[in-house]
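Chains A and B supply the protein sequences, listed in that same order.
The numbering used here puts the first residue of the first sequence at 1, with every later residue one more than the last.
The numbering used here puts the first residue of the second sequence at 1, with every later residue one more than the last.
Calculated directly from the structure, the hints in this document are not laboratory data.
In this text the structure is predicted, and so the values were computed from the model without any measurement.
The C-beta atom is built at its ideal place from N, Cα and C for all residues, glycine as well.
It is possible that part of the hints are untrue.
[What the hints assert, rightly or not] In silico lysine to any residue, SDA-like type, Cα no more than 25 angstroms apart, as pairs: (1) A:Lys79 - B:Gly33; (2) A:Lys79 - B:Thr22; (3) A:Lys79 - A:Leu50; (4) A:Lys79 - B:Gly66; (5) B:Lys88 - B:His130; (6) A:Lys79 - B:Arg26; (7) A:Lys79 - B:Gln19; (8) A:Lys79 - B:Asp25; (9) A:Lys79 - B:Val68; (10) A:Lys79 - B:Arg29; (11) B:Lys115 - B:Thr126; (12) A:Lys79 - B:Gln20; (13) A:Lys79 - B:His130; (14) A:Lys79 - B:Ala38; (15) A:Lys79 - B:Gly76; (16) A:Lys79 - B:Ala30; (17) A:Lys79 - B:Leu57; (18) A:Lys79 - B:Thr126; (19) A:Lys79 - B:Glu27; (20) B:Lys88 - B:Gly76; (21) A:Lys79 - B:Lys88.
[As the list claims (entries may be wrong)] Have a look at the derived ranges for each label pair, beta carbon to beta carbon: (22) B:Ala227 - A:Pro28: 27 to 35 angstroms; (23) B:Arg171 - A:Pro28: 50 to 58 angstroms; (24) B:Glu44 - A:Glu40: 14 to 22 angstroms; (25) B:Leu137 - A:Glu11: 48 to 56 angstroms; (26) A:Ile102 - B:Pro77: 27 to 35 angstroms; (27) A:Leu5 - B:Phe226: 45 to 53 angstroms; (28) B:Leu191 - A:His8: 29 to 37 angstroms; (29) B:Phe133 - A:Gln10: 56 to 64 angstroms; (30) A:Glu11 - B:Val247: 27 to 35 angstroms; (31) A:Leu5 - B:Tyr80: 24 to 32 angstroms; (32) A:Trp95 - B:Thr145: 37 to 45 angstroms; (33) B:Thr55 - A:Ala72: 24 to 32 angstroms.
[Stated by the list, open to error] Derived list of chain B stretches under chain A, where covered just means 3 residues or more per stretch with a C-beta under 8 angstroms from a C-beta of chain A: (34) 34-43; (35) 126-138; (36) 247-261.
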Amino acid sequence: MDATLSGHLQELRRGTVVVASLTVLRTPGYGYSLLETLSEAGFEVEANTLYPLLRRLEAQGLLTSEWNTDEARPRKFYKTTEQGDSIAATLRGEWARLDGAITDLTTGSQG
Amino acid sequence: MNHLVDRYVTTALRRIPEQQRTDIDRELRASIGDAVDARIESGEAPEAALESTLTELGDPARLADGYVGRPAYLIGPDLYFAWLRVLKMLYSIVLPVAVGLVTLIQILDDLNIGKVIAAIVTSTLTVGAHIAFWTTLAFAILERTGPHAPLQNTRAWSVDDLPRHEPPGLRTTELVAGATWSLLLIGGLVLQEFTFTAVPVLDPANWTFWWPFLIVVLLVRAAYPFAVRARGGWTRATSAGNAVLAVLVGAPLIWLLASDGFFNPGYQRIAELVDGHVKTWMTTTLIVSVVLSTLWDIGQVVVQAERNRRAVVS
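Given the sequences, and given the hints that come with them, work out the whole structure.
This is the structure in structure tokens:
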């Protein structure tokens with residue numbers, strides 16, 4: 001039963017990491033910083049999911065990246081592109097719509 | 001301590017295409033470094049911090065698969081069972097037949113028990129390895145280029161893409177098995193000229209026409225059912241084509257057998273048998289088997305075509 005639940009939770013959360021990442025990275029950030037920000041914000045995301053995801057979003061043109069070598073440890077900084085930003089806005093709109101729809105469904109069945 | 005990081009990163013990078021490695025290498029090391037620093041800052045011992053960071057990142061192979069996003073397998077779930085069925089069928093039918101033939105030739109050639117056992121063992125291993133290799137290669141290519149390949153799914157799906165119900169006689173398994181059988185016959189025909197025995201078993205004089213002719217017809221026969229399936233299955237016209245091909249293979253074989261032009265007269269065991277009953281018996285058996293298998297082949301396809309026709313009419 002636990003495995004079933006965690007499978008469904010994972011399904012449900014999968015897309016939210018994309019929205020959250022594109023939203024957070026409107027100000028540039030690197031892998032670990034984003035991981036911290038997301039987990040502080042309450043998103044349960046694993047490092048081994050997030051790092052490959054960032055590269056996929058970059059390949060899709062939703063993020064750009066740049067190496068920052070000013071500090072002792074060179075880091076790859078990602079930033080949301082215009083396209084990424086507009087997609088994130090659409091996804092957030094969809095999220096709000098779904099939230100409303102689920103709420104309507106729940107209250108509707110109760111009433 | 002860095003030793004562990006090196007091992008982790010190298011393991012992950014091994015599974016990633018060359019041109020992406022440098023960048024992922026740097027980024028992964030930086031991310032690990034950041035995570036370890038954060039743990040040390042919150043009071044963990046350096047070594048424990050590194051270990052728990054890597055444990056949290058998990059299996060490097062899984063991480064690499066996440067980066068690459070392409071299938072890391074030779075034959076996927078769509079084709080796995082077809083592959084397994086073909087292999088089982090080839091191992092249970094073709095392998096014994098091939099080993100039986102080689103053994104028979106060896107017995108005819110020299111009834112030395114050591115040599116016979118050696119022939120059985122080596123032919124089992126050789127034919128077995130060939131069956132596994134070629135079947136797997138064919139399916140691996142099918143996996144990457146066939147209708148199952150993910151690359152072809154970029155186009156929008158329409159109802160026309162619905163696979164036709166694969167009629168009996170034209171299932172992928174049967175087609176591949178049939179083609180493999182034809183290819184093995186060709187292989188046997190060519191190899192017997194050079195290996196197996198010191199002198200070829202079959203008449204080398206036929207290389208001027210009949211053997212090359214049979215090779216060409218067998219190749220066409222191997223490919224023909226695939227073409228028929230692509231056009232939607234057996235019809236009267238295509239089953240007639242199949243009959244012509246079957247006759248083109250069967251008739252020359254029967255004629256060569258009947259006119260003593262099949263076996264190599266220079267092959268001494270056959271020469272010894274010329275006057276005996278054994279040769280007549282062998283030739284008759286072979287002629288009967290060729291006739292029966294040709295008729296069976298023609299018949300079952302005609303039946304299938306007739307069924308298809310009625311299914312369309314009704």
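Verification of the hints:
Using a Cα cut-off of 25 angstroms, the hinted pair A:Lys79 and B:Gly33 holds, with the two alpha carbons roughly 21 angstroms apart. Restraint check: the Cα-Cα separation between A:Lys79 and B:Thr22 comes to about 21 angstroms, which is no more than 25 angstroms; the hinted pair holds. A threshold of 25 angstroms between alpha carbons decides the hint, and for A:Lys79 with A:Leu50 the separation of about 15 angstroms falls inside it, so the pair holds. Of the supplied pair hints, the one linking A:Lys79 and B:Gly66 holds, its CA atoms being roughly 21 angstroms apart against a limit of 25 angstroms.
Annotation: proposed proximity of B:Lys88 to B:His130 holds, straight-line Cα distance about 14 angstroms (limit 25 angstroms). Taking the CA atoms of A:Lys79 and B:Arg26, the gap is about 18 angstroms. The hint holds against a cut of 25 angstroms. The straight-line distance between the Cα atoms of A:Lys79 and B:Gln19 is roughly 23 angstroms, inside the 25 angstroms bound, and the hint therefore holds. For the proposed pair A:Lys79 and B:Asp25, the alpha carbon gap of about 20 angstroms is at most 25 angstroms, so the pair holds.
Restraint check for A:Lys79 and B:Val68: satisfied, since their Cα atoms lie roughly 21 angstroms apart, inside the 25 angstroms limit. Restraint check: the Cα-Cα separation between A:Lys79 and B:Arg29 comes to about 20 angstroms, which is no more than 25 angstroms; the hinted pair holds. With a CA separation close to 16 angstroms, the supplied pair B:Lys115 and B:Thr126 stays within the 25 angstroms bound. Restraint check for A:Lys79 and B:Gln20: the C-alpha separation of about 20 angstroms stays at or below 25 angstroms, so the hint holds.
Among the hinted pairs, A:Lys79 with B:His130 is inconsistent with the structure: their alpha-carbon atoms are about 53 angstroms apart, more than 25 angstroms. With a C-alpha separation of about 23 angstroms, the suggested pairing of A:Lys79 with B:Ala38 holds against the 25 angstroms cut-off. The suggested pairing of A:Lys79 with B:Gly76 is violated, with an alpha-carbon distance near 36 angstroms, which exceeds 25 angstroms. In summary, the hint linking A:Lys79 to B:Ala30 is supported, as the alpha carbons are separated by about 17 angstroms, within the 25 angstroms threshold.
For a cut-off of 25 angstroms, the pair hint linking A:Lys79 to B:Leu57 stands: about 23 angstroms separates their Cα positions. Using a Cα cut-off of 25 angstroms, the hinted pair A:Lys79 and B:Thr126 is violated, with the two alpha carbons roughly 58 angstroms apart. Taking the CA atoms of A:Lys79 and B:Glu27, the gap is about 15 angstroms. The hint holds against a cut of 25 angstroms. With a C-alpha separation of about 18 angstroms, the suggested pair B:Lys88 and B:Gly76 falls inside the 25 angstroms cut-off, and the hint holds.
A hinted pair counts as satisfied when its Cα atoms are at most 25 angstroms apart, and A:Lys79 with B:Lys88 does not qualify at roughly 54 angstroms. Between B:Ala227 and A:Pro28 the Cβ separation comes to about 57 angstroms, which falls outside the hinted range of 27 to 35 angstroms. Here the CB-CB span from B:Arg171 to A:Pro28 is close to 56 angstroms, well matched to the stated 50 to 58 angstroms. Between B:Glu44 and A:Glu40 the CB atoms are about 19 angstroms apart, so this pair conforms to the stated range of 14 to 22 angstroms.
Judged by the Cβ atoms, the range 48 to 56 angstroms given for B:Leu137 and A:Glu11 is violated: they are separated by roughly 37 angstroms. A hinted range of 27 to 35 angstroms holds for the C-beta pair A:Ile102 and B:Pro77, which are about 33 angstroms apart. At roughly 47 angstroms, the beta carbons of A:Leu5 and B:Phe226 sit within the given window of 45 to 53 angstroms. Separated by about 58 angstroms at the C-beta atoms, B:Leu191 and A:His8 break the suggested range of 29 to 37 angstroms.
Checked against the hint of 56 to 64 angstroms, the pair B:Phe133 and A:Gln10 fails, with Cβ atoms roughly 39 angstroms apart. At about 59 angstroms, the beta-carbon gap between A:Glu11 and B:Val247 misses the expected band of 27 to 35 angstroms. Roughly 29 angstroms separates the CB atoms of A:Leu5 and B:Tyr80, a value that falls within the hinted 24 to 32 angstroms. Checked against the hint of 37 to 45 angstroms, the C-beta distance between A:Trp95 and B:Thr145 comes to roughly 39 angstroms, which is consistent with it.
For B:Thr55 paired with A:Ala72, a C-beta distance near 26 angstroms keeps the hint of 24 to 32 angstroms intact. Judged by the Cβ-Cβ criterion of 8 angstroms, the region 34-43 of chain B is covered by chain A as claimed, because 3 of its residues qualify and three suffice. Counting residues of the region 126-138 of chain B whose C-beta lies closer than 8 angstroms to any C-beta of chain A gives 0; at least three are required, and the coverage claim is violated. With 0 residues carrying a beta carbon less than 8 angstroms from a beta carbon of chain A, the region 247-261 of chain B misses the three-residue requirement, and the given coverage is violated.
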